[in-house]
Amino acid sequence: MNRFRKANLVKIGKQILRHLTLMAVGAVFLLPLLWMVSTSLKTNRQIFVYPPQWIPNPVIWRNYSEVFYYAPFLLYFRNTLIIVTLTILGTSISSSLVAYGFARLNGPGKNILFLIMLSSMMLPYMVWMVPLYVLFTRIGWVDTFYPLTVPAFFGNPLYIFLLRQFFMGIPRDLEDAAKIDGCSYLRIYWQIMLPLVKPALATVAVFSFLNAWNDFLGPLLYLQSPDSYTIAVGLQVFLTQHGADWALLMAASTMAVIPVIIVFFFAQKQFIQGIVLTGLKS
Amino acid sequence: MRNRSLLARREALAFYGFISPWIIGFICFTGGPIIASLYFSLTNYTLLSSPHYIGLGNYTALFNDPLFSTSLYNTFYYTVFFVPLGIIFSFMLALLLNQKVGGLAAYRTVYYLPSIVPAVANSILWIWLLNPQWGLINTVLRMVGIEGPGWLTSEVWSKPAIILMSLWGVGSWVIIFLAGLQGVPEQYYEAAEVDGATTLARFFHITLPLMTPTIFFTLITGIIGALQVFTQAYIMTNGGPVNSTLFYSLYLFRNAFNYLKMGYAAAMAWILFVIILILTIIQFRLAQRWVFYE
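In order, the protein sequences belong to chains A and B.
Position one of the first sequence corresponds to residue 15 (our numbering), numbered consecutively onward.
Position one of the second sequence corresponds to residue 16 (our numbering), numbered consecutively onward.
Bound conformation, chain A alone (with noise of 0.2 Å):
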């Protein structure tokens, strides 16, 4: 009796230890954060003093409102939206059609096209940056939104990917009731396999989302003009204006941060399946 309960001690003292080591990488990860919100709230004088105060008393909303006053934060947040909307758009319907085609289509050169796009994955994109630029450039597309957008309109690699996995995961049964009824191969895949993927589209959604809003080398190649801004290149111009005025520089990043966070905390399962299927199928 006595020894079982020995054990039971042992064992709940292990678990404690878990979970302080656990709490305390945890607060790694999260302090800094909570600091950026804190340095949000505060005026230089509460900034700089030693040892900081978390909690800032007052707290200092204005700081907020102070961003809107010197870089038009709401314009770069719609331009944002305009790009992300539409590379999340393009990227589903492409990505998924494409990935049905490989998934339950045959064709002559299937393996090969195959391979072709999953060793496209691991090129560099630094390889194709520079003729790119030169195209866009020569067709006039630099200063607006074409090159951000109009390629996610061709599929993507990864998500294809992806997609066939899931698309390959259903059974035959389904489509082949269609063909016999006389279905087209555009009614299979938009009114049995798509509705059948929906969670597999919703983590290429929430993936897209993610690059489009954090994407900062495109914009900062392609968006010239300060009116065509996205949040990531209006907060690299913010910061170059704004170099030492801290609660200013967080109170922005703090709104850059936010959606995403929103985001996330919706669409958690999306994630964590995306990031699992990406890792352990490739």
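None of these hints come from the bench; they were simulated from the model.
For each residue, glycine too, the CB sits at the ideal point set by N, CA and C.
Just to be clear, a hint being listed does not mean it is correct.
Claimed, not checked - Each pair of labels, with its calculated beta carbon distance range: (1) 25/B to 135/A: 22 to 32 Å; (2) 204/A to 169/B: 53 to 63 Å; (3) 135/A to 200/B: 23 to 33 Å; (4) 152/A to 81/B: 29 to 39 Å.
Said to hold, decoys possible - Computed list of lysine-lysine pairs in DSBU-like fashion (alpha-carbon distance at most 35 Å, straight line): (5) 193/A to 212/A; (6) 115/B to 20/A; (7) 193/A to 124/A; (8) 283/A to 25/A; (9) 28/A to 212/A; (10) 124/A to 283/A; (11) 124/A to 212/A; (12) 115/B to 28/A; (13) 115/B to 283/A; (14) 115/B to 212/A; (15) 115/B to 25/A; (16) 212/A to 283/A; (17) 283/A to 193/A.
Chain A is already provided as a structure; the job is to place chain B on it using the hints.
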């Protein structure tokens, strides 16, 4: 018979129809530009005039360019430290999380959160965290009696600072490793327990071998990603101090868009591609010795 070949032809037509977005996109936005890039790399091209063929001139010039080797060194430095540290760190976290602790979802969320912070916001936040006098990191160090370095203003500490920042965003690897760990069949552990294997033995003989494919995957993708590190350095240090954070992609970007040396930049991109290709091939070769497939 004829009917069947007709059907096959119809299917092939449909196949090409469905994948045509990718084919067109690949030709216009990837494949075509790649060929153009190979050509540009053999020319002197400033975007203002038409390309002028100079053979391997850009490549020989690169090998005599001290900043090219500096940027290569910086990038390797970053990769060599960040990727192994990131893998070890996230693997250990995943092991901890896999111990049937309560609140797994909450921990997972917290660890993953930093990795979705947009790169620009992240960089600005870290400039502030790494501020020598008032930043959180040196404040914490001061509390335990250490006077922290100047981080981004120090030639020695600027790269470690960016590595530290990257390690903060390693959450997606934690999730990948955790999923891998959850895929290890429970029976293996049960059998080992019956045989009286210690925790350590179980780790080295069951967990680690079964996790090698996952480690291999993170290694490959991690190295490819690390060799292209760009945004942090562009925003936080712009390559400084004294070129200590002039990473390969940053120098390539400068050549292309600040100096308009498009041919030179294209040559740099091709060298990077060859480096990645060689490293990946070597890793696949080596993988036969240590990656365990069931």
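Q | Numbers of the earlier hints that this structure fails to satisfy, in rising order | A | 9
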